[in-house]
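**Q** Sequence:
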Amino acid sequence: MSRTISENQKRYLTCERRGVFQLLMVSGGMMGAYTYMLRGGVFCNAQTANFVLMAMALGQGDWSGGLYYLIPISAYVAGAFVSELLPVTVRKIGLLRWDTYLIGAEILVLFVIGFIPLTVTDRVVQVLINFICSMQYNTFRQAEGIPMATTFCTNHVRQIGICLAKYAKHRETSVLRRSLTHLTMVACFLGGAIVLTALCAILQERAIWIAILPLLVDFLLLAHADIFQEHDRLEQPPEGH
1 MSRTISENQK RYLTCERRGV FQLLMVSGGM MGAYTYMLRG GVFCNAQTAN FVLMAMALGQ
61 GDWSGGLYYL IPISAYVAGA FVSELLPVTV RKIGLLRWDT YLIGAEILVL FVIGFIPLTV
121 TDRVVQVLIN FICSMQYNTF RQAEGIPMAT TFCTNHVRQI GICLAKYAKH RETSVLRRSL
181 THLTMVACFL GGAIVLTALC AILQERAIWI AILPLLVDFL LLAHADIFQE HDRLEQPPEG
241 H
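For what it's worth, the working numbering labels the leading residue of the sequence shown as 1, then goes sequentially.
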């Protein structure tokens, strides 16, 4: 077991560790609960709901309401676009990895959102969270070689079902361990959403600051690794990129 851990530590970057992804899932659950509870009753972690709402509005003849959803959808596209281009520039700086800068940017954006009163149109916050969720989803793709999504649970639920089917056919314990990894991610997401939901009534718009806490832990872990442990690997892309 110790040998396997040692090999994983050498092969995978800190930004690929499962613990880092678990904290991202906690924060993702919190952002989803926050936008649904306080910022317009929508989930900004992914875009399927926005496409459904747009289709429903257009089907009811509400063209202005339907076309509005092109704004958050475009913000999500922009987040993926930016997160594909910026890493090239960041590598030239040679101080921290793009992954670390991204977490720092997310912390800053969520901190600013906490100052936006609930009286301000929800669309401002929705677009901001759409943007950062897209960048996070596109940047953190694999945890120790396992494909992951850090802002929603659909893929994890699917992977649990696949792993259980494989175990039923081949009785391989490795797939059970993999299903447990995905189950843990779902649990982290749920835990974050539960905590944030409970605090929304108390903290109101500032409840989003709670989502900063797991991101801050990740930022410190990544920054420490970039500066002291993996500085010679700054140009090494994570697996899946």
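Please note that the accuracy of each hint is not assured.
[As the list claims (entries may be wrong)] Cβ-Cβ distance ranges computed for the label pairs, FRET-style:
1) H170 / I202: 47 to 55 Å
2) R11 / I202: 37 to 45 Å
3) T154 / L86: 23 to 31 Å
4) A168 / D62: 30 to 38 Å
5) G61 / G40: 34 to 42 Å
6) A187 / E230: 42 to 50 Å
7) K166 / F228: 20 to 28 Å
8) K169 / I194: 39 to 47 Å
9) F228 / T173: 48 to 56 Å
10) G145 / F228: 21 to 29 Å
11) G61 / Q229: 20 to 28 Å
Worth flagging that the hints you see were computed from the coordinates, not collected in a lab. Quick reminder that beta carbons are idealized off the backbone N, C-alpha and C, glycines included.
**Q** Evaluate each hint against the coordinates.
**A** Each hint, compared with the structure:
1. H170 / I202: 47 to 55 Å: holds (49 Å)
2. R11 / I202: 37 to 45 Å: Holds: the Cβ-Cβ distance is about 44 Å, inside 37 to 45 Å.
3. T154 / L86: 23 to 31 Å: holds (27 Å)
4. A168 / D62: 30 to 38 Å: violated (47 Å)
5. G61 / G40: 34 to 42 Å: Check failed, 21 Å falls outside 34 to 42 Å.
6. A187 / E230: 42 to 50 Å: This hint is violated: roughly 28 Å between Cβ atoms.
7. K166 / F228: 20 to 28 Å: Hint violated: Cβ distance 39 Å, outside 20 to 28 Å.
8. K169 / I194: 39 to 47 Å: For K169 and I194 the Cβ distance comes to about 35 Å; the hint is violated.
9. F228 / T173: 48 to 56 Å: Violated, at about 36 Å.
10. G145 / F228: 21 to 29 Å: holds (24 Å)
11. G61 / Q229: 20 to 28 Å: violated (58 Å)
Violation of the numbered hints given earlier is confined to hints 4, 5, 6, 7, 8, 9, 11; the remaining hints are satisfied by the structure.
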